[in-house]
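Asker: Chains as they are written, first to last, in the working numbering: chain A, 584 to 747; chain B, 516 to 675.
Note that these hints are calculated values from the structure, not bench results.
Mimicking BS3-like on lysine-lysine, the simulated pairs with C-alpha atoms at most 30 Å apart in a straight line are: (1) B:Lys-631 to A:Lys-656; (2) B:Lys-631 to A:Lys-688; (3) A:Lys-656 to A:Lys-688.
Pulled from the structure, derived: some chain A residues nowhere near chain B, Cβ distances all over 10 Å: (4) Arg-641; (5) Glu-649; (6) Pro-653; (7) Arg-658; (8) Ala-669; (9) Thr-670; (10) Ala-681; (11) Thr-690; (12) Gly-695; (13) Arg-699; (14) Tyr-704; (15) Ser-706; (16) Gln-711; (17) Gly-724; (18) Tyr-745; (19) Arg-747.
Note that this is a predicted model, so its numbers are computed, not measured.
Positions of the beta carbon are idealized from the N, C-alpha and C atoms, including for glycine.
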Amino acid sequence: MSTATATTTYTYTHTATYLSDVIMGTIADVLALLGITPDGATRWDQDQSAIAAWIEERSLEMVVLECRRPDGKVRPIFEFPVIYKATGEGEFENSRAAMARAHAKITSVPSGTTYRLFCTYRSGYTPQPGWSPGTRASTDGLRSTSFGTLAEAPHASASARYLR
Amino acid sequence: VQRRREIASAPKRSAAEVWQTIRRLFGDTLDRSSSVERADVDAALDPLDGVARMLISAGHLEGHPLVLVTGELWLEITTVSGGSALSLQENLNPVPGGAGASDWTLYVPQVEPMDKLVRTTVKGHDHLSADEPTALVQEAAKASGGVDLDAVARWAREAA
Numbered sequence: 584m585s586t587a588t589a590t591t592t593y594t595y596t597h598t599a600t601y602l603s604d605v606i607m608g609t610i611a612d613v614l615a616l617l618g619i620t621p622d623g624a625t626r627w628d629q630d631q632s633a634i635a636a637w638i639e640e641r642s643l644e645m646v647v648l649e650c651r652r653p654d655g656k657v658r659p660i661f662e663f664p665v666i667y668k669a670t671g672e673g674e675f676e677n678s679r680a681a682m683a684r685a686h687a688k689i690t691s692v693p694s695g696t697t698y699r700l701f702c703t704y705r706s707g708y709t710p711q712p713g714w715s716p717g718t719r720a721s722t723d724g725l726r727s728t729s730f731g732t733l734a735e736a737p738h739a740s741a742s743a744r745y746l747r
Numbered sequence: 516v517q518r519r520r521e522i523a524s525a526p527k528r529s530a531a532e533v534w535q536t537i538r539r540l541f542g543d544t545l546d547r548s549s550s551v552e553r554a555d556v557d558a559a560l561d562p563l564d565g566v567a568r569m570l571i572s573a574g575h576l577e578g579h580p581l582v583l584v585t586g587e588l589w590l591e592i593t594t595v596s597g598g599s600a601l602s603l604q605e606n607l608n609p610v611p612g613g614a615g616a617s618d619w620t621l622y623v624p625q626v627e628p629m630d631k632l633v634r635t636t637v638k639g640h641d642h643l644s645a646d647e648p649t650a651l652v653q654e655a656a657k658a659s660g661g662v663d664l665d666a667v668a669r670w671a672r673e674a675a
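Build the full structure now, drawing on both the sequences and the hints.
Answerer: Here it is, written out as structure tokens:
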């Protein structure tokens, strides 16, 4: 009797593409929810490509979405930490449904609020087009709420935190 | 004729690559018609370049299809992500039915929380609509006793 088996090998590129996609999609939903005008397609591609590259080289610590109000205050802030795994085991899963339920907890922002994306790093990183060094706003005094794991992939996972 | 196509998204493709694949499929399908110019299709889809990436990345097109209505063709496009995307058997060939197209409309789903953004994006653009295509088809069926999908496409644009 003969048998056959199929094995799927997941690469770091798969993990990076998947997690960057879920993170960017979550950011897109948050911007839409808050009524903040998103950047165009070119900027989107630069951001997704950079985040994917940094996940693939395992340098990315977290992606940060800062909402800058017309009065200069920066809140809310969303953090998307990435945790790397020692092995490449597991499947691709996401918690978009749970994140959608968490939308009810996100408070509105005034008209004219803009946004900025930051990335922090756990090690040296390769510069990416459209990205330059910057300084995050202070999170002092902001209350943090965890939205839990956002996505799992074979080589890493991403979660979400909400600071208001 | 109702057709469906599934497009593999992450981790196989980034959102930008998915949208380019969908654009190519629409273009290849409509290009079979002698009444539709490929360049016009490309130009008509340009306004969606930003919001399409957002809808794809957020996973909204997995449950809410883009619907292309033209002639007798009703084409639904959804995306598939995760491990299933890597094993998906895609058919990216031009979809039968495009040759009869003389007019066409692409219906973009209004999915919360992107509903307002979708409406704003398609407003004023020929060939793009945020309306629910099913309701329009029912309306057309009531009015004529049959479904004239070209008329549906025209009505959608006038309503946009």
